[in-house]
Amino acid sequence: MTVSIAVDPDDLRAHADRARAVAARVEDIAAGGGAPSDNAVGHAAIADAVADVRRASRERADAIAEQLDDAAAYLDGTAVSVELLDRLLSIF
1 MTVSIAVDPD DLRAHADRAR AVAARVEDIA AGGGAPSDNA VGHAAIADAV
51 ADVRRASRER ADAIAEQLDD AAAYLDGTAV SVELLDRLLS IF
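Under full-length UniProt numbering, residues 1 to 92 are what the sequence shown spells out, in order.
Keep in mind that the hints were calculated from the coordinates and are not lab data. Hints may be right or wrong, so weigh each one.
To be verified - Distance ranges between label pairs, derived from CB positions:
| id | residue 1 | residue 2 | range |
| --- | --- | --- | --- |
| 1 | D52 | R18 | 51 to 61 Å |
| 2 | S90 | R25 | 41 to 51 Å |
| 3 | A44 | T78 | 44 to 54 Å |
| 4 | D17 | A44 | 31 to 41 Å |
| 5 | I91 | D17 | 53 to 63 Å |
For each residue, glycine too, the CB sits at the ideal point set by N, CA and C.
The whole structure should be built from the sequences, with the hints applied where relevant.
Following this line, the structure appears as structure tokens:
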């Protein structure tokens, strides 16, 4: 009996790294600020919105990266288990 897993744990880790890179890019863009506004209240609202997007992006990227890392670790363990099961079944 042979079982193959189509998802490569390294691919998942690469996606996790990409999610972190996207969050870092959003952080860089947000840190760059924008054109000053004549309306201080409007400028403050824009700054608050940028901060909210930054935080949400970072939190979401961290959550996605963590899930992908967990999935990669699970698949690493599953691959070992499947290989062991295959060897055990070949005995019988």
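Going down the list of hints, with the structure as the test:
no.	hint	in the structure
1	D52 - R18: 51 to 61 Å	violated (23 Å)
2	S90 - R25: 41 to 51 Å	holds (49 Å)
3	A44 - T78: 44 to 54 Å	holds (50 Å)
4	D17 - A44: 31 to 41 Å	holds (34 Å)
5	I91 - D17: 53 to 63 Å	violated (40 Å)
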